[in-house]
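K.L.:
Here are the chains, one letter per residue:
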Amino acid sequence: MAIKQNLRTMKWAAWLGWQMESNWADPFLFIVYSVAKPIAGSLILVVMYTIIAQLGGDTDPALFSFMYIGNAFFMYVMLLLWHVTWVIHDDREHFQTMRYIYIAPFNYFIYILGRTISNIVITTFGVIITLVFGVFVLGVDIPLGAINWPLFVIVMVIGLIGIMAFGLALAGISFITAKHSMGMNEGIGGIFYLFCGVIFPVSVLPGWGIAFAKILPTTYWLDMIRRTMGVGAGVDPALAGVSMTSSLLILCISTVAISIFAVLIFKLGDYIARSKGLIDMTTAY
Amino acid sequence: MTKYAVELKDLCRTFKTRAVKGTRKKQLVTALDGVDLRIKEGELFGLLGPNGAGKTTIIKILSTLLFPTSGEAKVLGYDVMKESHKIRKVINMVSGGESSGYGLLTVDENLWMFTQFYGMPGKVARKRIDALLRIMELEEKRNVKVRTLSTGMRQKTNMIRGFMTDPSVIFLDEPTLGLDVNAARMIRKFIKNWIRAKPERTVLLTTHYMMEADELCDRVAIINEGKVLACDTPENLKRLVAQESTLKLEIRLVKDIRAFENIKGVKHFTYDHNINAGLTKLKFILDDDAIVSDIVSAVPKSGSKIVSVEKVEPTLEDVFVTLVGRGLVNDI
Ligand SMILES: Nc1ncnc2c1ncn2[C@@H]1O[C@H](COP(=O)(O)OP(=O)(O)O)[C@@H](O)[C@H]1O
Ligand SMILES: [Mg+2]
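Sequence order for the protein chains is A and B. With our numbering applied, the first sequence covers -7 to 277. With our numbering applied, the second sequence covers 299 to 630.
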């Protein structure tokens, strides 16, 4: 009964999310935008790689693959950190439906998750375009036959849960902060970008940076993505010593820890917001 | 033990407001100051009070949007602090005077989506939505995007959203605020019929229109500055001031309103100048009918002439004026 209701909530929240995403006046523009954005991101990466290579005199194609995969999959991180908070902001300020959503007898986590699904699908589309563009235009070598698909899928799911949990914690905070929370999310996204081995190996960070990187689940997630795909793996000396099993184990444990932490933060944010009367506030700018 | 639909015990709520520019200190605003109320199942109960009285704060606490600062609030026996999830299953809430809704969805889509969030079976949901759209005369707008609706229609859509889940207790915060006369009348009629259809249904509505409270409610609590001043049926409340009588006077625009001050036997008086019509309307609440002549003789002293005199039955407005010493709204 509860599961059925949660699935129903998820379905209609996802439907709502999709209505918002596809609410473009011109579907053609929507598609162009969805394609152009990831390709532009890839081209920026080429520029960055060229600069790094010239500075370091290092033109290892494995490094480019490393960067390319990190950049492509990091799109999920930026999306989820940003979007979960956006849902709250949008319901509260824009549609003024927050109070009615809030008092509905459903699981709010499921609602938020549902609202995010269509964005995950669109982002997946963007990631695939980025990878295809990388293979055919930039010569990134992705050996499709060698990918460990089952493990890849498992890693993807665990990774997305972990990032989603981060988003949820931020959403809990945005319950009480309203205005500046979108900036905060970008800041946190930036920290992940620097410390999780997205476009340069963790090993180039100072000692404390490496230590910090090694407690972030996203570091292991990206590492495991590279390993299961067999692309750009082993480039990072800081992680090369960790075995595949250990890496997966750490990913699982840290994801569970992050999820518990996120739910607690969310509940705390919810409690404070309800104490201070901020649930349905509008800042009216 | 009787189960109350709503039970408030010494309910208090304060808000810290942001420090005003130039000052450091945060202000502490008292929205509710020890409210005690018991609303029985099946009652159509009204909270009547001016702006800022604390009506919305009560509604928010009961609909699980806001915690009390102290005291107790229960809905159908469930505590708002500890049993929100149980409360949410049996209530709904609609606030007037706002334009909420997913503008990019149609009326029907907005409503349908909420029935799904409430776990309503599809057939029941469809039937209820259809019936309510018909009652609210929104049938031909069902496939229209909400963002293109007028404020009144949006409010009706919101009303349907609240009622379609068939809540045991519904909270309506100024349901007719900003609506035109016809729409407001339709909504009032709907609320009356809705509560009559099933004896266990309870409505708590807030309003600052005394007419609305008088016409609709089984019982009314008069609330001002976070305190309940009186709570009874409209008839009994009016009886509070019935031994006093009310005199309405229309006179030519006065030169000196002070002529009417300090007349013995006048409990309160309010006035309203209508410059365009060249008239002043006065309303007196009297202890004793005998002083009508004193008032009439004060008219020439004020530099005016009588246009009409009328003795009226007391209204809830008069009750409010008697209790608070000023009018609910600015009109007479
Ligand atoms: N979130 C809030 N922050 C600060 N003050 C508030 C807040 N909500 C309500 N108040 C104050 O509490 C008092 C009661 O408000 P409210 O319940 O909205 O009154 P009503 O609905 O009767 O007009 C008012 O003085 C209002 O300014
Ligand atoms: Mg109000």
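Be a bit skeptical, because a hint or two may be false.
Said to hold, decoys possible - What follows is a list of derived Cβ distance ranges for each label pair: (1) A:K259 - B:T312: 21 to 31 Å; (2) A:P142 - B:L326: 27 to 37 Å; (3) B:R494 - A:I(-5): 31 to 41 Å; (4) A:D18 - B:S397: 24 to 34 Å; (5) A:G137 - B:K425: 36 to 46 Å; (6) B:K323 - A:T274: 51 to 61 Å; (7) B:K425 - A:S26: 56 to 66 Å; (8) A:P198 - B:V327: 27 to 37 Å; (9) B:S397 - A:I23: 30 to 40 Å; (10) A:F117 - B:G340: 46 to 56 Å.
Said to hold, decoys possible - The calculated DSS-like cross-link candidates involving lysine-lysine, where the alpha carbons are at most 27 Å apart (straight line), are: (11) B:K487 - B:K439; (12) A:K268 - B:K425; (13) B:K425 - B:K496; (14) B:K439 - A:K(-4); (15) B:K487 - A:K268.
Read the hints as simulated data drawn from the structure, not as lab findings. Cβ coordinates follow ideal geometry from the N, Cα and C atoms, glycine included.
K.L.:
Give a verdict on every hint.
P.N.:
Hint by hint, here is what the structure shows:
1. A:K259 - B:T312: 21 to 31 Å: Hint holds: Cβ distance 24 Å, inside 21 to 31 Å.
2. A:P142 - B:L326: 27 to 37 Å: Given about 60 Å between the Cβ atoms, the range is violated.
3. B:R494 - A:I(-5): 31 to 41 Å: holds, 38 Å
4. A:D18 - B:S397: 24 to 34 Å: holds, 27 Å
5. A:G137 - B:K425: 36 to 46 Å: violated, 56 Å
6. B:K323 - A:T274: 51 to 61 Å: violated, 25 Å
7. B:K425 - A:S26: 56 to 66 Å: violated, 40 Å
8. A:P198 - B:V327: 27 to 37 Å: violated, 50 Å
9. B:S397 - A:I23: 30 to 40 Å: Cβ of B:S397 to Cβ of A:I23: about 32 Å, so the range 30 to 40 Å holds.
10. A:F117 - B:G340: 46 to 56 Å: Check passed, 55 Å falls within 46 to 56 Å.
11. B:K487 - B:K439: The given pair, whose Cα atoms are some 21 Å apart, holds under the 27 Å limit.
12. A:K268 - B:K425: violated, 39 Å
13. B:K425 - B:K496: holds, 18 Å
14. B:K439 - A:K(-4): violated, 32 Å
15. B:K487 - A:K268: violated, 36 Å
Going through the hint list in order, the structure does not satisfy hints 2, 5, 6, 7, 8, 12, 14, 15.
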